[in-house]
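Chemist: Sequence:
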Amino acid sequence: MGANIVHNSDANYTGIRFATKVGPVVLEMPMGDRPYRLVHELPEPDENGRTEVEMRRFPQIYKPQGVAHITAEFLQSRGFLK
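To convert, note that position 19 of the sequence shown is 19 in this note's numbering; the numbers rise steadily by one, no gaps.
Hints were generated in silico from the structure; no laboratory data involved.
Treat the hints with caution; some may be incorrect.
Beta-carbon label-pair distances, calculated as ranges [what the hints assert, rightly or not]:
1. Gly2 / Gly32: 18 to 24 Å
2. Gly32 / Lys82: 30 to 36 Å
3. Glu47 / Thr14: 29 to 35 Å
4. Gly79 / Asn12: 28 to 34 Å
5. Asn4 / Met55: 14 to 20 Å
6. Ser77 / Ser9: 28 to 34 Å
7. Asn4 / Glu47: 24 to 30 Å
Glycine included, every Cβ here is placed at the ideal spot set by N, Cα and C.
Put together the whole structure using the sequences plus the hints.
Modeler: In structure tokens, the structure reads:
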């Protein structure tokens, strides 16, 4: 609930965008063997002009259940989830 599938052909990934209480977070699942990235999308650019903040990276060695668990635990422990 509150999640959407996104595809970014410019950055070469498909991902899941989660609506959290501090703004959208995207789990980027890249094409190829690059690591997964968990990215917080900022509503406004920060003082350095960034529009996103990479929060976590992990290798593509995990099965879908592992990816879901890592993502949920990370977001829950950081106060992103309600």
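Chemist: Each hint needs a verdict: does it hold in this structure or not?
Modeler: For each hint, the structure was consulted:
Look at Gly2 against Gly32: about 28 Å separates their beta carbons, and that is not inside 18 to 24 Å. Against the hinted window of 30 to 36 Å, the Cβ-Cβ separation of Gly32 and Lys82 comes to about 34 Å, which satisfies the hint. For the pair Glu47 and Thr14, the beta carbons lie near 31 Å from each other, so the given range of 29 to 35 Å is met. At about 31 Å, the beta-carbon gap between Gly79 and Asn12 stays in the expected band of 28 to 34 Å.
Between Asn4 and Met55 the beta carbons are some 19 Å apart, a value that agrees with the proposed interval 14 to 20 Å. Roughly 32 Å separates the CB atoms of Ser77 and Ser9, a value that falls within the hinted 28 to 34 Å. In this structure the hint that Asn4 and Glu47 lie 24 to 30 Å apart at CB holds, the actual value being about 29 Å.
Hint 1 from the earlier list is the only one contradicted by this structure; the remaining hints agree with it.
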